[in-house]
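> One letter stands for each residue in the lines below.
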Amino acid sequence: MNPAHEAFQAVYLAHFNFVWGALRRLGVREQDALDMTQKVFLVVYRKLPEFESRSVIKTWLYRICLHTASDYRRSAAIRREVTTDHTELNTLAGSREVVSEEADARQRAATAEAILAKLPEAQREAFVLFEIEGMSGQEIAALLEVPLGTVRSRLRLARDAFTAEVERLSAADPERRKEAV
Amino acid sequence: MGDPERLLGKNGDPRVRALLTSLSEMEPPPAAAESGWRDMAAQIAVLPVAAAAAATAATQTARGAGLVAGFGGPAKLIVALALTGVGVGVWAGLVQPKGSVAVPPSSAAAPTMSSAAPPSTRPEAVASAGPEVAAADDVAATADVAPAAPAVSSVKSLTPVTKQSQLDAEAALLMSARQALHSGDARGAQATLNRLQASFPHGVLRQERDVLEIEVLQATGNSAAAKVKARAFLAAFPTSPHGTKLRRILAQP
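Chains as they are written, first to last, in our numbering: chain A, -13 to 167; chain B, 246 to 498.
In short, the hints are calculated from the structure, not lab data.
These figures come from a predicted structure and were not determined experimentally.
Using N, Cα and C, we set each Cβ at its ideal position, and we do this for glycine too.
Keep in mind that the hints are not guaranteed to be accurate.
Stated by the list, open to error - Here chain B is said to cover these stretches of chain A; the calculated rule only asks that three of the stretch's residues, wherever they fall, bring their Cβ under 8 Å from a Cβ of chain B:
(1) 94 to 104
(2) 110 to 122
(3) 149 to 157
Bound-form chain A, shown alone (with noise of 0.2 Å):
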């Protein structure tokens, strides 16, 4: 194998999962994700011996994956699919069939999908970042090249959209108040 080969070949199997857990993050639905995956790597392979290291490696990764989530969200099909109808969610936050605590998390998992399904591109982006992938503002504005303001504008209006929906998921099934989330 030569050193282009090798080198791809460690990188994709260090980074696979991260890639995928932020595909997802990003809006990929489950069933595309390992799809998604690919393509992100096939880019990578491009643009490996590119890579100077002038950022983390992860950092220039999950810039391949914003562009590549961007694309997969604004396709026809991904739009008329997303999650966003009030019923479905207070659906999945209320569902009493959860048997298990693998089977919970996954529901947990679902229901705040659908959530973020709710939010501007932009908006989730930045709440992702900030809140799962616990970047600070600084590094946000630096992947996502935009004023530091501006990603903290984002971010404000993403948590207020975000924590208002579990409220009103709450409200909606107060029975489940407590372990409806």
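Fit chain B to the known structure of chain A by using the hints.
Showing chain B alone in chain A's frame:
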């Protein structure tokens, strides 16, 4: 004004925290990476010319710039860093000023890598540089940018062969420790980490070594000690890219 307190923090609404935690714990199916790699290998197998061309171009550019390390060196380093779980910003800020375009994405839609410039290294600075996030590369997935001249800031800052060899050796030990841990041999992993500490007390991959040690402690059921070390690490390297992983460890009951 600083960043707001994270919703995942201890003062956040527990309902919101539960939802965010579920998102952060999303994982692919077991062995997805391995099966995915088999598919990927088949896909890139039909593109050998591109990879070879890239390697050749990079090597030639490196030689042309008078660098000691050709593509093989950087490639090996990327392998090492990838296997440690994180790419350290080894060349961060050393090649070009922030915001400048050193090497744009290749212009062809197909995976044709026309002008891959080699990373230049300056390990003497690396040793003291934490893996801070610098300006992200311009890697727009669909961008079409004409290749520019390769960026090499200073021929004076050449990589001494000995330092490269040391880094290779350090990375090899770290990989060995990680592989031992992943194969269930936590004791062997700790032994290798001890050797790493003794051989490279101020190594370039010190953060990765520390994080792996915390993982070993966790794997051996010593979560209290793991948390103490994780807190100390976060205090020493608050902006480390390992922060997310360590905060997850700290959040565990």
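> Taking a Cβ-to-Cβ distance below 8 Å as contact, does the segment 110 to 122 of chain A have at least three residues touching chain B?
With 8 residues closer than 8 Å to chain B, the segment 110 to 122 of chain A meets the three-residue bar; holds.
> For the segment 94 to 104 of chain A, do at least 3 residues have a Cβ located nearer than 8 Å to some Cβ of chain B?
Satisfied; 7 residues make the cut.
> Counting residues of the segment 149 to 157 of chain A whose CB is closer than 8 Å to a CB in chain B, do you get three or more?
Check passed, 3 qualifying residues.
Checked against the numbered hints above, the structure violates none of them.
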